[in-house]
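Make a model of the complete structure from these sequences and hints.
Going line by line, the protein sequences match chains Y and C.
Everything in the first sequence is counted per this note's numbering, starting at 1 for the first residue and increasing by one.
Everything in the second sequence is counted per this note's numbering, starting at 1 for the first residue and increasing by one.
There may be inaccurate statements among the hints.
Unchecked claim - With a straight-line Cα cutoff of 25 Å, these simulated DMTMM-like cross-link-like pairs (lysine to aspartate or glutamate) come out:
no.	chain 1	residue 1	chain 2	residue 2
1	Y	Lys282	C	Glu206
2	C	Lys242	Y	Glu263
3	Y	Lys172	C	Glu207
4	Y	Lys150	C	Glu207
5	C	Lys253	Y	Glu129
6	C	Lys282	Y	Asp91
7	Y	Lys209	C	Glu250
8	Y	Lys284	Y	Asp58
9	Y	Lys174	C	Asp217
10	Y	Lys150	C	Asp205
11	C	Lys272	C	Asp217
12	C	Lys246	Y	Asp91
13	Y	Lys264	C	Asp80
14	Y	Lys272	C	Asp245
15	C	Lys174	Y	Asp217
16	C	Lys209	Y	Asp139
17	Y	Lys242	C	Asp217
18	Y	Lys272	C	Asp217
19	C	Lys209	Y	Asp91
20	Y	Lys150	Y	Asp245
21	Y	Lys242	C	Glu250
22	C	Lys253	Y	Asp245
23	Y	Lys209	C	Glu104
Stated by the list, open to error - Some residues of chain Y that are not near chain C, with every Cβ distance over 12 Å (derived):
no.	residue
24	Ile41
25	Asp157
26	Lys174
No lab work stands behind these hints: they were computed from the structure.
Here a beta-carbon is modelled for each residue, glycine too, at the ideal position from N, C-alpha and C.
Protein chains: 2
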Amino acid sequence: VLKQLRQITVIGLGLLGSSITLAVLHRLKGVKSVGYSHRAITRRKARRLGIAQKVVDDIHKSVEQADVVILATPIRTFEDIFRQIARSLPDGCIVTDVGSTKREPHRWAGRLLPRNVYYVGSHPIAGSEQRGLEFARDDLFDEANCILTKTNGTRPDAIQTLSKFWSALGCKVKVMSPGQHDRILANVSHLPHVTVAALINANVDEELKYAGQGFLDTSRIASGPENIWTDVLLTNSVNINKGIDKMVVELRKLQKAMDSGDEKCLYRLLEKARNRRAALIKNKGKKKGNES
Amino acid sequence: VLKQLRQITVIGLGLLGSSITLAVLHRLKGVKSVGYSHRAITRRKARRLGIAQKVVDDIHKSVEQADVVILATPIRTFEDIFRQIARSLPDGCIVTDVGSTKREPHRWAGRLLPRNVYYVGSHPIAGSEQRGLEFARDDLFDEANCILTKTNGTRPDAIQTLSKFWSALGCKVKVMSPGQHDRILANVSHLPHVTVAALINANVDEELKYAGQGFLDTSRIASGPENIWTDVLLTNSVNINKGIDKMVVELRKLQKAMDSGDEKCLYRLLEKARNRRAALIKNKGKKKGNES
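Next comes the structure, spelled out in structure tokens:
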């Protein structure tokens, strides 16, 4: 049976992890926020900045009393961390993560976590190109979409508890399968990232001096940490590669219209993009902040 | 012989044109700023908002007393406007424009403008995705690069006068050939535009609901006016199409690395993009505002 929420443990104190402990500290009175980092310097900074109620240097002890454990490390560390904490997790504990892909984490959890704990995937679509707990914000999750992922074996009450938790941090929660999550995010988040990286790499430094603010805004996401993103790309490569194929089709359409001087076709393609962005802005209307 | 600057006439009162007349009004005391628009509603708005010293409804009269005439309309209207104003331009007048491509305007000017007036291309790399004189700003050009383009036939004193003019509006002026300009801008400005249009068009509306702030920032430039951009693409298609080919090569590199699970290669490609953007930001350091 799931317990009342008394302690949240966050493993990994980067921008997302530390923003979670900080938000719990400020917004969920009565819930103990515990943070773990494997790096001594990060733990020292976390203590000095007071971003969690308690900062622990033993990963086993950090989870022993937890009702919810949240992994906020690069995706491909999850497998190893599941293995490490499996025996220390208390009965009925909920385990989740904030990774940007979800099929692989579900697979690892199914294989490595004991049957008396409950895994649900979480993806709060928040963050920025910045990294590190120096940028922690207790309002990082305000108005952000948070996708929870479940399979047939996922416990409904674990979904319910996490749904309440993320809502309390300001998120709008949606639930879907890991497969659907990974297909959608490949298109709206991972494909933009590789596209912008390709755009920068297709340019030469000498010419980039003439780039305006448009280029800076367009390329902002490419400043995201390469280790985090390498893990995202490697755990969702099939979907992202389909996205790249679609990108190339669209680029070739524009190229063909330019080649043949097809003014109407060019106009329509640009108009379509502008209209869809206008609809997107209208839909996002009241959103603030820094999500990526 | 070039006269002392007493009157500037801007043809076309969109965001760029009206920001020029406004900046002249506020920053170049003693220089008369005259604006022309072929649309009655735009002229009324321009008069009401006081964005020029004088707003004129006859294009011939608007240029008769001008020392400098600046075209700020979509690029493919230049040919027709050159034809219209050719006989009304005073002796020694400098004609320029603010279009984002430069080879075609030079060609049209060479063919259509009389020998007693002097054409120079101007490209202040400023603006935003917004359109219309409601968004006019007298500081739009602060710290913006402004590229002047010249051929063998261009008069050095016309370059000098325009260089002083744009500097007075806040620009950092560079001079190059129209060919070099069009090659560089294809890569740093036009390619990003078509890339982002392709990225939006490769997505579906239903999924875009899950896009975060990163997608909104990346796609901002796609909200630029499609008529302006159709003209840019049609007058620089060879360079932009080469850029698209380079984009596809870079996308395929990422795709291949994902396909083969080549972690090191992916990491290096993402790291390269992040480092180059960091260098770009450092280089732009003190820039403000809204250029695109």
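Hints, verified against the model:
1. Lys282(Y) / Glu206(C): Distance of about 14 Å is within 25 Å: holds.
2. Lys242(C) / Glu263(Y): 19 Å, holds
3. Lys172(Y) / Glu207(C): Holds, at about 16 Å.
4. Lys150(Y) / Glu207(C): 19 Å, holds
5. Lys253(C) / Glu129(Y): Measuring from Cα to Cα gives roughly 23 Å; hence the hint holds.
6. Lys282(C) / Asp91(Y): With a Cα-Cα distance of about 51 Å, the restraint between Lys282(C) and Asp91(Y) is violated, given a limit of 25 Å.
7. Lys209(Y) / Glu250(C): Judged against 25 Å, a Cα distance of about 21 Å means the pair holds.
8. Lys284(Y) / Asp58(Y): 41 Å, violated
9. Lys174(Y) / Asp217(C): Measuring from Cα to Cα gives roughly 23 Å; hence the hint holds.
10. Lys150(Y) / Asp205(C): Measuring from Cα to Cα gives roughly 24 Å; hence the hint holds.
11. Lys272(C) / Asp217(C): The given pair, whose Cα atoms are some 21 Å apart, holds under the 25 Å limit.
12. Lys246(C) / Asp91(Y): 55 Å, violated
13. Lys264(Y) / Asp80(C): 20 Å, holds
14. Lys272(Y) / Asp245(C): 23 Å, holds
15. Lys174(C) / Asp217(Y): 23 Å, holds
16. Lys209(C) / Asp139(Y): Holds: Lys209(C) and Asp139(Y) sit about 21 Å apart, inside 25 Å.
17. Lys242(Y) / Asp217(C): Given that 25 Å is the threshold and the Cα spacing comes to 23 Å, the pair holds.
18. Lys272(Y) / Asp217(C): Cα-Cα ~18 Å, so holds.
19. Lys209(C) / Asp91(Y): At roughly 37 Å apart (the allowed maximum being 25 Å), Asp91(Y) and Lys209(C) break the hint.
20. Lys150(Y) / Asp245(Y): 29 Å, violated
21. Lys242(Y) / Glu250(C): 15 Å, holds
22. Lys253(C) / Asp245(Y): Holds. Lys253(C) to Asp245(Y) sits at ~12 Å (cutoff 25 Å).
23. Lys209(Y) / Glu104(C): 24 Å, holds
24. Ile41: 22 Å, holds
25. Asp157: 25 Å, holds
26. Lys174: It is violated; Lys174(Y) is separated from chain C by about 8 Å at its closest Cβ, not greater than 12 Å.
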